[in-house]
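**Q** Sequence:
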Amino acid sequence: MSKTGRSLQGARSRSQIIVLFVALIISIMLLFVNFAYLNTQSNYDKQYIGHAGELRVLSQRIAKNATEAAAGKAAAFKLLADARNDFDMRWGFLRKGDKATGLPPAPHEVRDELQAVQNDWETLRKSTDVILASEQTVLSLHQVAATLAETIPQLQVEYDKVVEILLQSHAPASQIALAQRQSLLAERILGSVNKVLSGDDTAVQAADSFGRDASQFGRVLSGMLEGNATLKITQVEDRDARTRLAEISELFEFVSGSVDEILETSPELFQVRESSGKIFSTSQTLLDESSVLANSLEHLANMRSANTVVGYLLGLLALTSIILIGLVMVRETNRQLRETAEKNERNQTAIMRLLDEIENLADGDLTVAATVTEDFTGAIADSINYSVDQLRELVATINLTAEQVFGAVKDTQTTATQLAAASEHQALQIAAASNAINDMAVSIDQVSANALESSSVAERSVTIANKGNEVVHNTIYGMDTIREQIQDTSKRIKRLGESSQEIGDIVSLIDDIADQTNILALNAAIQASMAGDAGRGFAVVADEVQRLAERSSSATKQIETLVRAIQNDTNEAVISMEQTTTEVVRGARLAQDAGVALEEIEGVSKILAALIESITKAAQQQAVLGQQLSQTMTVIQQTTSQTTSGTAATARSMGNLAKMASEMRRSVSGFTLPSSKDRG
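The numbers in this note's numbering rise by one with no breaks, and the one at position 401 of the sequence shown is 401.
Treat the hints as calculated values from the structure; they're not laboratory data. Be aware that a few hints might be false.
Have a look at the derived ranges for each label pair, beta carbon to beta carbon [what the hints assert, rightly or not]:
1) I17 x S456: 28 to 34 Å
2) R95 x L496: 38 to 44 Å
3) H473 x L30: 31 to 37 Å
4) T489 x K73: 53 to 59 Å
5) M329 x N43: 37 to 43 Å
6) T561 x D129: 53 to 59 Å
7) T320 x N43: 28 to 34 Å
8) A146 x D240: 29 to 35 Å
9) A146 x Q516: 27 to 33 Å
10) T414 x N438: 18 to 24 Å
11) A146 x L496: 43 to 49 Å
12) N568 x G315: 22 to 28 Å
All C-beta atoms, glycine included, are put in the ideal place defined by N, C-alpha and C.
Make the full structure from the sequences, and use the hints.
**A** In structure tokens, the structure reads:
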């Protein structure tokens, strides 16, 4: 290969190394940028998903606290306000971002889901504000109702005692009937108050009934104490009965004082109840929309996780660049070694050819001619040819040019001495090159050993990835089983809620029957009192029927309270089961993503193991070639040493030749050489 070709090949190798280094730096920079972007987006996605998940919980918490607040629980108002404010804060983070943490607004890909949640939240928030604004009214009404619940039973007890006194004193039947009716009116007043507080469809009618019954109760009570001709009520004369009636009048003052407050604030209470019902119905829609938003955010996060493949590709590109740089450098080193070996071989051939050509010169054969080439022996061959020419002329004209022969021999001796010095210097350079090649062979052996160890590590990573994949699949199977069990339990709890609803319907029917029985018993008692002594026995039976009806009504109210508690617990259990199912599904999805990542790691590990195995084989081949090259350089070093010895011997021979020339000059000094004219 010519010098120009070798220079072009070296320049091309250097250009390849520069290009590969640039590709390596760019791939590493892109790798860091990609991982930094993915890490930032992953943190944002976690915050988005966390806020969306809290919105689902808060929507149900608001519904629960609104129901309890409408029922008069004071602590529920603060919990409702906290839940509303917490929802507002997290909703603001999703729509406008969080400057404190640097969280940007939610991505535009979920704008439709955000708008759906916004619509439901505006409706639910308005209803929540209505309930919170009526806190004092609701608590005041329930406090009044609680006081009435304590006062009215006392009124009934006192009236029962009045009835007993009137019966014992043989009072008129009309007074006894009025006293019994007052007890029933008190019961109906309490029932009307409870219906007003319940806020159901009969609440408005119950409020009107409450006002009328309270007014009627007061007029009858006043008539029994003072008489009332308009109502045809005669004054009670018995002293004990009047004492009891006076106590009843004192107790009834609170009831009569609460009538206006209840009637004035009942519309606001009805609005609170309506808002509570609207919150309960809207909260389920808000829960569904929040779930859709959370699922959409999780889907976006999963889509971004696919960009990690770009990072792996960039890493693979960087590794490939490193490997290619190593290969190019090894190839360039091998090329330089080959050029050195070729140069040494050419020098050795030129020296041997020159020695072969001048071998007959020592025998006195002046017909030899050394070949002049571009090698470093070209100058020597040219000098030898010149010396031979001079010797020819010296032999032909020994008498004329003896002095010139002596000078030429001296020049030849100097040249031979320089050649010997150059040969020694070349031997030193070859020895240094041989040591460098030996060191390179040792390094290649170390590379081969490291590559073997890397291959073993890559195989172990493949095995570990396989085991991790199996563990992830087992985890997914277990989560699927848990989800099925939770769904089955949720269905059973829903059926329990439906059964409790049916029980509530039956209890309502029994309550209606008890009310009707109570009214019939009251009518029977009035008829018995009008019948006089003949109906007194029947009046006792009517009283017993009335008491049984009241006990039935009281029992149905207790059952109704228990059924409502069961329904509330059932609803909370269903909500908890649904949330648990959602988390299990999310955990299963994350486990599936982990399985996919492990499969990708397993594939990359297998490819890496194959590449490392290829590198190991190449390194082993380079080690064998390095050993062979070291042996070749040893042979070249020995040959160069021999050449140096031969050149020194040549220099010594030239010294002897100079002496012989001097002797020849002295030997011919007595001859007389012909003149130039005679030679011509």
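**Q** Is the hinted range of 43 to 49 Å satisfied by the C-beta distance from A146 to L496?
**A** Since the Cβ atoms of A146 and L496 sit about 31 Å apart, the hinted range of 43 to 49 Å is violated.
**Q** Has the hinted range 22 to 28 Å been met by the Cβ atoms of N568 and G315?
**A** 56 Å, violated
**Q** If I claimed the Cβ atoms of T414 and N438 lie 18 to 24 Å apart, would that claim hold in this structure?
**A** About 37 Å separates the Cβ atoms of T414 and N438, which means 18 to 24 Å is violated.
**Q** Taking the Cβ atom of A146 and the Cβ atom of D240, is their distance within the range 29 to 35 Å?
**A** 31 Å, holds
**Q** Should the hint that H473 and L30 are 31 to 37 Å apart at their CB atoms be regarded as holding?
**A** Because 34 Å falls inside the window, the suggested range holds.
**Q** Determine whether the Cβ-Cβ distance between T320 and N43 falls within the hinted range of 28 to 34 Å.
**A** 31 Å, holds
**Q** For the hint 53 to 59 Å, verify it against the beta carbon of T561 and that of D129.
**A** Violated: the Cβ-Cβ distance is about 30 Å, outside 53 to 59 Å.
**Q** Does the Cβ-Cβ separation between A146 and Q516 fall within 27 to 33 Å?
**A** For Q516 against A146, whose Cβ atoms are near 28 Å apart, the range 27 to 33 Å holds.
**Q** Taking the beta carbons of T489 and K73, is their distance inside 53 to 59 Å?
**A** With a Cβ separation near 29 Å, T489 and K73 fall outside 53 to 59 Å, so the hint is violated.
**Q** Return holds or violated for the Cβ distance of M329 and N43 against the range 37 to 43 Å.
**A** 41 Å, holds
**Q** Verify the CB-CB distance for R95 and L496 against the hinted window 38 to 44 Å.
**A** 39 Å, holds
**Q** Go ahead and decide if the range 28 to 34 Å is satisfied by the Cβ distance of I17 to S456.
**A** About 30 Å separates the Cβ atoms of I17 and S456, which means 28 to 34 Å holds.
The structure shown violates the earlier hints numbered 4, 6, 10, 11 and 12.
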